[in-house]
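K.L.:
Sequence:
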Amino acid sequence: TLACPTELTHTEEEWRCKESMLGRPGPCRSPVLCDTGSWDVFNKSIINVPNQSVEMDQDRCKTFLQKYEQELRHFGMLRRWDDSQRFLSDMPQLICEETANFLILWCIRLQQEEKEALMEQVAHQAVVMQFILEMASNSQQDPRGCFRQFFHKAKEGQDVYSEVFYLELEAFKQRVREYSVKCKSDTLNIHQQSPGTNVRVDTKEPTNVIIQDAEFNMKH
Numbered sequence: 001t002l003a004c005p006t007e008l009t010h011t012e013e014e015w016r017c018k019e020s021m022l023g024r025p026g027p028c029r030s031p032v033l034c035d036t037g038s039w040d041v042f043n044k045s046i047i048n049v050p051n052q053s054v055e056m057d058q059d060r061c062k063t064f065l066q067k068y069e070q071e072l073r074h075f076g077m078l079r080r081w082d083d084s085q086r087f088l089s090d091m092p093q094l095i096c097e098e099t100a101n102f103l104i105l106w107c108i109r110l111q112q113e114e115k116e117a118l119m120e121q122v123a124h125q126a127v128v129m130q131f132i133l134e135m136a137s138n139s140q141q142d143p144r145g146c147f148r149q150f151f152h153k154a155k156e157g158q159d160v161y162s163e164v165f166y167l168e169l170e171a172f173k174q175r176v177r178e179y180s181v182k183c184k185s186d187t188l189n190i191h192q193q194s195p196g197t198n199v200r201v202d203t204k205e206p207t208n209v210i211i212q213d214a215e216f217n218m219k220h
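Residues in the sequence shown are numbered consecutively from 1, following full-length UniProt numbering.
These aren't lab readings, by the way, just hints derived from the structure by calculation. Any given hint could turn out to be false.
Simulated crosslink set (DSBU-like; lysine-lysine; CA at most 35 Å straight-line) [to be verified]:
1) Lys153 x Lys67
2) Lys62 x Lys153
3) Lys115 x Lys184
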């Protein structure tokens, strides 16, 4: 059963009451996707690219976020397969790596702010987008043309596919938690090493690093 627009609006408002505004993420860098093993997030570096390419990616990502931030946040709030599929059917331009990166960064920021329930909500949608992108990569299709296949498998409740999805979801959430703990520890160490000084650590920096260090090993 699809949620009515009123219900979706109410749901989004509930979540918005629980979160503070997310700062603009830094450089948009696509996670590396591999076809073997299980997800192993944040532990390897992606290949370096020329500075000019990075700057172009940053400009493109900034433009994308400025144009679609409200829609991205709305997608992050959706809970039902049918709602997500319908939303992406109406806005197929959001089926891209920029959306996946935004959701990943959002998860990290929310965990750092100790908003566990909201992090888990957004994490589900982040994994949804990653699965769609990986399905497209494996089949060498435009993700906008194969996302319905993902939702068909998800809604059909195929045992193996469903199990893999939720295992990957739990692994991703755990990695987000572990990274948040590491960031807090690093911040504490900096303060301890600089007693009597007003040391501030920009919480946006770990989210920038995490995209550069991300590796998603998807299995299907």
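K.L.:
Go through the numbered hints given earlier and state which of them the structure violates, listing their numbers in rising order.
P.N.:
Violated: none.
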